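Engineer: Below are the chains, spelled out letter by letter.
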Amino acid sequence: GVLERSREQLLRQTCEAVLLGVLHPRTAISLVLQVLSDAGSLLSCCLNAACMALLDAGLPLAALFCGVTCALQPDGTILLDPTARQEQEARAILTFAIASSNRKVLMATTKGSCSVEEMQQCLAAAQRAASTIFQFYRDSVHRRYSKS
Amino acid sequence: MTAEHGAAAEALVGQVVLPGDLLLLPAHYDEDAEGERLRLSAGTAPQGRLLCGPGLRRSGAGLLVTKCGLLRHRPGGGGAYWVDSQQKRYVPVKGDHVIGIVTAKAGDVFRLDVGGSEPASLSYLAFEGATKRNRPNVQVGDLIYGQFVVANKDMEPEMVCIDSSGKSSGMGIIGQDGFLFKVSLGLIRKLLAPKCEIIQELSQLYPFELVLGMNGRIWVKAKTVQQTLIIVNILEACEYMTAEQRKQALAKLSGN
Chain A
1 GVLERSREQL LRQTCEAVLL GVLHPRTAIS LVLQVLSDAG SLLSCCLNAA
51 CMALLDAGLP LAALFCGVTC ALQPDGTILL DPTARQEQEA RAILTFAIAS
101 SNRKVLMATT KGSCSVEEMQ QCLAAAQRAA STIFQFYRDS VHRRYSKS
Chain B
1 MTAEHGAAAE ALVGQVVLPG DLLLLPAHYD EDAEGERLRL SAGTAPQGRL
51 LCGPGLRRSG AGLLVTKCGL LRHRPGGGGA YWVDSQQKRY VPVKGDHVIG
101 IVTAKAGDVF RLDVGGSEPA SLSYLAFEGA TKRNRPNVQV GDLIYGQFVV
151 ANKDMEPEMV CIDSSGKSSG MGIIGQDGFL FKVSLGLIRK LLAPKCEIIQ
201 ELSQLYPFEL VLGMNGRIWV KAKTVQQTLI IVNILEACEY MTAEQRKQAL
251 AKLSGN
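Protein chains in written order, with the UniProt record's numbering: chain A, 1 to 148; chain B, 1 to 256.
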């Protein structure tokens, strides 16, 4: 449907921004994501899975990226990584794709309405949370290479 | 975390690096590039140029890591840095010895599947002792062990089965029978290291013939089908077994 198509486009833009496509001309790189269970924050979960898949496949990347979802509740508080229930009750859901080089924003998408200041606050919170996700990537890669 | 904003390359040798990490090189490499400043003392600067190997790209201040893996360094001859990463998909590189499967004969060239994104081409004259009258007997489905003479991202890869002096030196059509299977590229590099323990231990078990292709393909042939399959299973399992588990498995087999 249209929602899946829009998610595909957002994922594609993010991946194309970090993949070094110049090293593989005339080649199609296809990424397949299968949703096993959805408990909220689906798009940022897809972004994280996509980054780990690209890492595992050994494709050349200029930087790592991660996805963070923020939910703006009706009283103005920011909730990171909301569950499906919290997403339904929220006033706005913002998803950001953040790169590991200087925490640059690769992709931003919003569902609902919020003011510019609120969006800036959500973005700052997401950039702080991205550090935790990048540390998780680093620990996973450590574990994998310590086995051999 | 410090590696993201630039850490010294020597400090990270032997450690895990991730894409996006910036490695800073010692200052004397930049001096050579400028060519303006004279080095007054003999210093510890190595002669020659630094080689930037797989997984690294030159970027302004230093080297940008593009693949995840362990950072390795070779000090001889100007020095070389590269990232040792585990991968299953092969990308053709000039000079690599690989096993290819013949998929088509198009006039004077054979098309080989080497596991990359494009089929490689092999001319019928690229065998030892081949002339226009004396053509090699290659059929579709045969296995060929050869090396790349042309392999870059812009052109179709080309293989030959002779070295620069015209001798075959072990390359050519791989014989009948035997078993071809695929493993990860890291295991192949481990097996090709000098004095590999796995090969030595296996050779004490049964005599066998082994061809290792850098594209992840291994061809094995032993006296009976059962021995061949045992060797195949051990080589496939070597990726996940530790040295003790492997020795135990081999001890059980040689006891039988």
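To be clear, the hints were calculated from the coordinates, so they are not data collected in a lab.
Computed from a predicted model, the values in this text were never measured in an experiment.
Watch out, some of these pointers could steer you wrong.
Reference listing, derived: stretches of chain B covered by chain A, where coverage requires no fewer than 3 residues with Cβ under 8 Å from a Cβ of chain A [as the list claims (entries may be wrong)]:
#, region
1, 61-68
2, 81-90
3, 164-174
Computed list of chain A residues with no C-beta within reach of chain B, every gap over 10 Å [what the hints assert, rightly or not]:
#, residue
4, Leu23
5, Asp75
6, Glu87
7, Ser100
8, Ala125
9, Ile133
10, Val141
Think of the CB as a built atom: it goes at the ideal place given N, C-alpha and C, for glycine as much as any other residue.
Engineer: With reference to the structure, classify each hint as holding or not holding.
Structural biologist: Comparing the hints with the structure gives:
1. 61-68: Result for this restraint: holds, n = 4.
2. 81-90: holds (count 5)
3. 164-174: Coverage by chain A is violated here, the residue count being 0 at a Cβ distance below 8 Å.
4. Leu23: Per Cβ check, Leu23/A is inside 10 Å of chain B; nearest 6 Å; violated.
5. Asp75: holds, 34 Å
6. Glu87: holds, 30 Å
7. Ser100: violated, 4 Å
8. Ala125: Ala125/A clear of chain B: closest Cβ-Cβ about 19 Å, beyond 10 Å.
9. Ile133: holds, 12 Å
10. Val141: violated, 5 Å
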